[in-house]
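Q: Sequence:
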Amino acid sequence: MNFKKIIMLSALLLGTFISVMDTTIVNIALPKMLDYFSSNLSQVAWVATGYTLAFAVLLVGASKLADHFGRKKAFMFGLALFILTSVIACLSTSIEMLVTIRVIQGLSAAFIVPVTMPIALAIVPQNKKGMIIGIWGAFSGLAATLGPVLGGLLTENFNWQAIFFINIPLGLISLFLAAFFITESYDETVSKKIDYMGILILSGALFCLTFGFAKVSDLGWSSPLIISLFVISVLLFCLFFFIESKIKNPMIPLSMLQIRTFSFSSFTLFMQGLGLTSGTLIITLLLTNLMGKTELEAGLIVSTLALSSMFTSVLSGKLSDKLGGIWLSGLGMLGLTITTYLYGYIRYDSSITPVIILLCLTGLALGLVIGPAMSSGIRLIPPEKVGIASGILNMMRTVGQALGIAILTSVLTMNINDHTATAKKEAIKIVESNQVFDKNAKNEIITHLKHSDSKGFDRSKSIAELNKKEEEILSITPDPYKEKVQKSFNIQKKEVMAIQKKISNLYNEKISDSFNNTFKVGSVILILGIIFALFSDISPKRLKQQQKNQVDITS
Numbered sequence: 284m285n286f287k288k289i290i291m292l293s294a295l296l297l298g299t300f301i302s303v304m305d306t307t308i309v310n311i312a313l314p315k316m317l318d319y320f321s322s323n324l325s326q327v328a329w330v331a332t333g334y335t336l337a338f339a340v341l342l343v344g345a346s347k348l349a350d351h352f353g354r355k356k357a358f359m360f361g362l363a364l365f366i367l368t369s370v371i372a373c374l375s376t377s378i379e380m381l382v383t384i385r386v387i388q389g390l391s392a393a394f395i396v397p398v399t400m401p402i403a404l405a406i407v408p409q410n411k412k413g414m415i416i417g418i419w420g421a422f423s424g425l426a427a428t429l430g431p432v433l434g435g436l437l438t439e440n441f442n443w444q445a446i447f448f449i450n451i452p453l454g455l456i457s458l459f460l461a462a463f464f465i466t467e468s469y470d471e472t473v474s475k476k477i478d479y480m481g482i483l484i485l486s487g488a489l490f491c492l493t494f495g496f497a498k499v500s501d502l503g504w505s506s507p508l509i510i511s512l513f514v515i516s517v518l519l520f521c522l523f524f525f526i527e528s529k530i531k532n533p534m535i536p537l538s539m540l541q542i543r544t545f546s547f548s549s550f551t552l553f554m555q556g557l558g559l560t561s562g563t564l565i566i567t568l569l570l571t572n573l574m575g576k577t578e579l580e581a582g583l584i585v586s587t588l589a590l591s592s593m594f595t596s597v598l599s600g601k602l603s604d605k606l607g608g609i610w611l612s613g614l615g616m617l618g619l620t621i622t623t624y625l626y627g628y629i630r631y632d633s634s635i636t637p638v639i640i641l642l643c644l645t646g647l648a649l650g651l652v653i654g655p656a657m658s659s660g661i662r663l664i665p666p667e668k669v670g671i672a673s674g675i676l677n678m679m680r681t682v683g684q685a686l687g688i689a690i691l692t693s694v695l696t697m698n699i700n701d702h703t704a705t706a707k708k709e710a711i712k713i714v715e716s717n718q719v720f721d722k723n724a725k726n727e728i729i730t731h732l733k734h735s736d737s738k739g740f741d742r743s744k745s746i747a748e749l750n751k752k753e754e755e756i757l758s759i760t761p762d763p764y765k766e767k768v769q770k771s772f773n774i775q776k777k778e779v780m781a782i783q784k785k786i787s788n789l790y791n792e793k794i795s796d797s798f799n800n801t802f803k804v805g806s807v808i809l810i811l812g813i814i815f816a817l818f819s820d821i822s823p824k825r826l827k828q829q830q831k832n833q834v835d836i837t838s
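Per our numbering, residue 284 is the first one in the sequence shown, and the count goes up by one each step.
Derived by calculation from the structure, the hints in this document are not laboratory data.
Please note that the accuracy of each hint is not assured.
To be verified - Derived DSS-like pairs (lysine-lysine); straight-line CA-CA distance at most 27 Å:
{"no.": "1", "residue 1": "Lys355", "residue 2": "Lys315"}
{"no.": "2", "residue 1": "Lys356", "residue 2": "Lys668"}
{"no.": "3", "residue 1": "Lys784", "residue 2": "Lys707"}
{"no.": "4", "residue 1": "Lys476", "residue 2": "Lys498"}
Fair warning: this is a prediction, and the values are worked out from it, not measured in the lab.
Using the sequences and the accompanying hints, generate a full structural model.
A: Written out as structure tokens, the structure reads:
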């Protein structure tokens, strides 16, 4: 590969890196934004959600526009807008302004990511395409997982604005290299007439779907708004496919959906996106909320997933051209399913070593899926349609992640609510059967337990109340009996310490059960991904035979 091609690929990978990284880099800085803007959590959360939502909604539409107007133009437009919004984000004076800018930034990223693959594949020989896709997958995975780590380092050492400032120099480098080294490319087969109606309807359907997934953890699956969003989404999808089947120049050639390898690769990547949630979000919650790790520590631990995925992403992308994608994707989805199930045995007092080992294995499994599934998805797609195909494949991954967050956080929340209620009942029984506390002490602790949402009761508050009562009783107790009263209260204070630890362990055990159940539910869902992977490609031998038959027909 010559120097110019290496520079072109570097520009594309750098653009992809900052676009994907921004889906996760802000998460760890949200508490700082909360204080800076004196806002509430539901508002600040949209700094992350708004970006991801806009990104998912416009992926396919941006791919189609790029095929028409030029992929280089789309890439440079997206990068320029991404850099500009990063500058404005640093200067934001209100949370409303920052959320608006993040939505625009998500739209700009939708012009960057899907065009990188068709541009890259056009400049490498056939036998290198799998390797390029593997490298692209490795960089995407690395960017998503390193986001929280980099976000933590920048926020701790500088401020939250630094997470947006870092995009500016990296974006400018990518923009400069793209301007001078990337050559323009189009889909030469498309009509000059653009299906704007198709873009609008599909974007609306994706908006309702992903917005519904984003809000379901707050409102619940039975919320009228959530149900309405999903119903509207289904109706818009039906309308989209009906219109696309009738018009002369559809946004998405429906014949693409009849290509088995493309359809099943899309579903495989959808399940891979869903599975990534368990390896990143749910594990991060487990590390921070149950195992006592800071956000930065959790980010560093989870980054082992990305580092391990890089090895298999590059290797599997290269091997998929020779071996086909079925067994590689299938093995990867099997590994993802097994590791997700094994997460279900991590407890609050577990060593961090098995967590890191499982994260590394998850990364290796993910690396086996991304490259081969992307290669399989475009293998039988005409070269001029790779752009729109890439947009659809990326959209499926992104929507899969959104669904994974919605499902697994809902399952986790329901489990925590159920197990916490059980823990509260058992804790009350422990206090009631205690032989040390007097009746008043028992009633006070039980009252705390009934009205507390935390893990048990406030030990310091209980001891403070005992001290107050001790002073009151001692003030009216004759001197000969004061020592005996003090001894009684000291015994109760020690018992408070002991029973609080016992109840805290009980709550931790129950919440561990909640996480364990969530991971096991996730692993059952991922079995579908294994099935999809087994239909996601054809054997290289059969592919060569098909290509030979096509040559014979044309000659």
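Q: So, for every hint listed, does it hold in this structure?
A: How the hints compare with the structure:
1. Lys355 <-> Lys315: violated (37 Å)
2. Lys356 <-> Lys668: holds (17 Å)
3. Lys784 <-> Lys707: Holds - the C-alpha atoms of Lys707 and Lys784 are around 14 Å apart, at most 27 Å.
4. Lys476 <-> Lys498: violated (36 Å)
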